[in-house]
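The lines below spell out each chain.
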Amino acid sequence: MTGNTTEIIKLKLAKRYAKEKRFKLYGISAIAVSIAFLLSLLINISVTGLPAFQQTYINIEVDIDSKLLKLDSQYSEQELFRANYSKVIKQSLKTMFPGVKGRKQKRALRQLVSKSAIYQLRDFVIDNPSVINTRQSLWFLARDDVDVFMKGGIDRSLPESDRRLKDFQLVWVDKLLAENRLEKRFNVSFFTESDSREPEQAGIKGAMIGSLLTMLVTMLLSFPIGVSAAIYLEEFAPKNNKWVDLIEININNLAAVPSIVFGLLGLAVFIGLFGVPRSVPLIGGLVLTLMTLPTIIITSRAALKAVPPSIREAALGLGASRVQTTFHHVVPAAMPGILTGTIIGMAQALGETAPLLMIGMVAFIADVPQGITDPSTVLPVQIYLWSDSPERAFTERTSAAIMVLLGFLIVMNFLAVIMRKKFEKKW
Amino acid sequence: MKNIYKSTAVIIASSAIMSISNSVVARDYIDVVGSSTVYPFATVVAETFGKKTGSKTPKIESTGSGGGMKLFCAGNGISTPDITNASRRIKLSEYNKCQKNGVKDIVEVMIGFDGIAIANSKQGPTFDLTRRELFLALAKQVPSNQAGELIDNPYTKWNDINPALPNTKIEVLGPPPTSGTRDAFAELALQGGCFTYDWIKQIKKDSKIAKKSGDKSLASQLKKKYKTICHSIREDGSYVEAGENDNLIVEKLRANPKALGVFGFSFLDQNSDVVKGVVIDGVKIDFEAIADGSYPISRPLYFYVKKSHVGKVPGIKEFIAEFTSEDAWGEDGYLTDKGLIPLSDDARQKMSDSANGLTPLKM
Chain A
1 MTGNTTEIIK
11 LKLAKRYAKE
21 KRFKLYGISA
31 IAVSIAFLLS
41 LLINISVTGL
51 PAFQQTYINI
61 EVDIDSKLLK
71 LDSQYSEQEL
81 FRANYSKVIK
91 QSLKTMFPGV
101 KGRKQKRALR
111 QLVSKSAIYQ
121 LRDFVIDNPS
131 VINTRQSLWF
141 LARDDVDVFM
151 KGGIDRSLPE
161 SDRRLKDFQL
171 VWVDKLLAEN
181 RLEKRFNVSF
191 FTESDSREPE
201 QAGIKGAMIG
211 SLLTMLVTML
221 LSFPIGVSAA
231 IYLEEFAPKN
241 NKWVDLIEIN
251 INNLAAVPSI
261 VFGLLGLAVF
271 IGLFGVPRSV
281 PLIGGLVLTL
291 MTLPTIIITS
301 RAALKAVPPS
311 IREAALGLGA
321 SRVQTTFHHV
331 VPAAMPGILT
341 GTIIGMAQAL
351 GETAPLLMIG
361 MVAFIADVPQ
371 GITDPSTVLP
381 VQIYLWSDSP
391 ERAFTERTSA
401 AIMVLLGFLI
411 VMNFLAVIMR
421 KKFEKKW
Chain B
1001 MKNIYKSTAV
1011 IIASSAIMSI
1021 SNSVVARDYI
1031 DVVGSSTVYP
1041 FATVVAETFG
1051 KKTGSKTPKI
1061 ESTGSGGGMK
1071 LFCAGNGIST
1081 PDITNASRRI
1091 KLSEYNKCQK
1101 NGVKDIVEVM
1111 IGFDGIAIAN
1121 SKQGPTFDLT
1131 RRELFLALAK
1141 QVPSNQAGEL
1151 IDNPYTKWND
1161 INPALPNTKI
1171 EVLGPPPTSG
1181 TRDAFAELAL
1191 QGGCFTYDWI
1201 KQIKKDSKIA
1211 KKSGDKSLAS
1221 QLKKKYKTIC
1231 HSIREDGSYV
1241 EAGENDNLIV
1251 EKLRANPKAL
1261 GVFGFSFLDQ
1271 NSDVVKGVVI
1281 DGVKIDFEAI
1291 ADGSYPISRP
1301 LYFYVKKSHV
1311 GKVPGIKEFI
1321 AEFTSEDAWG
1331 EDGYLTDKGL
1341 IPLSDDARQK
1351 MSDSANGLTP
1361 LKM
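Sequence order for the protein chains is A and B. For the first sequence, position 7 (counting from the first letter as 1) is numbered 7 according to the working numbering, and the numbering increases by one without interruption. For the second sequence, position 82 (counting from the first letter as 1) is numbered 1082 according to the working numbering, and the numbering increases by one without interruption.
Just so you know, these hints were derived from the structure itself, not from any lab. The model shown is predicted, which means the values in this text are computed figures rather than measured ones. Be aware that a few hints might be false.
[Claimed, not checked] Listed next, with one range per pair, are the computed distances between beta-carbon atoms:
no., chain 1, residue 1, chain 2, residue 2, range
1, A, Ala268, B, Ala1321, 32 to 40 Å
2, B, Ser1308, A, Ile43, 33 to 41 Å
3, B, Asn1096, A, Phe236, 52 to 60 Å
Positions of the beta carbon are idealized from the N, C-alpha and C atoms, including for glycine.
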């Protein structure tokens, strides 16, 4: 009979192997599909976003004429601040391109240079008043259309009506190019400037500082509250108590609540009841604290649970009190896990927009926030706002900001992995 | 353990105290809320104002016209916004709510016009539509051959409506009902087409007559009737709600040359290499056509200022002055670069006088 059984098994063997192979294949293709999605996303974002790290500058010979500035021989600082710099720039452009006729062309000529040129010139003159009544060769930001053209975003072969730059403008650009007056440089202002409605001046500094301040508030609130809650529930709370069970179930449910709900809660309680001002990192941090708390509590409890009971028993056996046991032995042993959970919770909060929508952080804010009660926005909101802007040049900046945000998230997650690897204890 | 309880309590208490003390402290920046259509214009002005004067740049939230009014009319406290933008005029109900909440003096400023473009991909056929055809293509119910009778919209292809139109499926991407653009589109484009049917227009006339004779309930009943006919957009998939993001609609049109899209003129202006405007009632959408009023689907844009905040929050007067300066809203101003269609010279002068004089609105 044994022979027969072996026969049967042998017959089925091929099928069993095939089954295993099939299953492996399913697994591999699932991984391949997800990697393909991830790669296409990353490649798409990088290809669109990389040009944003370069910015076109334009060189202009500026005649800083005191008559055009409407300055007398004696002037106060205030007069210097208010002087008519836009006229100087207009006139300098006219000198460089003589023979520009008509309202439309004159207007187009002004639009070669970014609006920020006026303020750049102002600051330059205020810093060096001696340049008044001299000719200076200065580099200014180029207008977004010129910038898009320099990066190959405008096709010359298209009919004129379909182009953002018309034929006469292309002639100017060609002349500037021939005279080496157009240059692409690393886009420093993307990191040193805040939001602007002119794409060439827009940067992420304000949003980055806003994110940082918001995260600070979130961290300072959610870490102590979350960890204390976890320690109490895990180490001190009475077991098999229906109230404790109820709290546990609710914390687990809260972790799955859509984040916009926390925004609504924040709007009703913090803004409505406590009168916290809208659009500031303080309120953002408070709302994100609500959102991250469940994550931190759950991961911290898991980390505490992973500490073997023998540690507790040994400490108690040697005469330590429960508080001593917990804080001298259990919590330090669980710390790597707690920190990992916190970092992942923070990373989650860093990428959140939905709850901030309700509390007014989706706003145009051009000043860099100085503290947690200054109006500010955060990186993901900045991305959202730029993606909704009509100007073409914002497309690449949107992707570039996504790259920066992804960079932060990767660093944070990497930190979590390192901490786990480094401090993890095997029992 | 006690320590932790203590510190937690201290943190919660201190944050609460901090927040309360904060709301009492005066604000040193202007707080603006309101329409997402006015947002691109208000932000440029805010930025220029900040850079020019060196004072703090106003904070501008895009909450939608209705949401902005709600915040604006909530009260007079410093925690409420100073200015709200709107892509339509303030409603009487909103005005009354403002009055009730103590916001007595509101300064109304009309800043210019915004055209609503109907566009398709450059690769697609050229459309030449009348508003009546648009209405027939998009209304939930359309008039049948018999006057006074409505039938469910039977049209699936453009050439079902007019044989001269392309033989393609009716597919229009547009904003969802929460959007002000959608309201304006329904009001200007669809209602315009709807009123080419005399019997529907008669309902409006009847409503006005009823209002005059004092029969308010009949008037509002009739008004509701013609609004339901004219403003209801079909829900069978021919009109696709494509979200508030106009760039997304442009992207979708690029991918699908057969579809039409509805969005603000500035997006058409910026993407003229990808999409082209549909000719409406024989008028091609462009800057001049919107400015002189020959393009039928355009709407005025406004902002409203809380007079009681002038003087309490620094810079409001200067901000109004910047917004109403020729540099900004004039025919050559920087707002026209962003796609705002300016008011006529006279209207600008008048509006600027009343705005800078802080003349309160009466309704």
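Hints, verified against the model:
1. A/Ala268 x B/Ala1321: 32 to 40 Å: 37 Å, holds
2. B/Ser1308 x A/Ile43: 33 to 41 Å: Roughly 54 Å apart at Cβ, these two residues miss the hinted range, so it is violated.
3. B/Asn1096 x A/Phe236: 52 to 60 Å: 57 Å, holds
Taken one by one, the earlier hints fail for this structure only at number 2.
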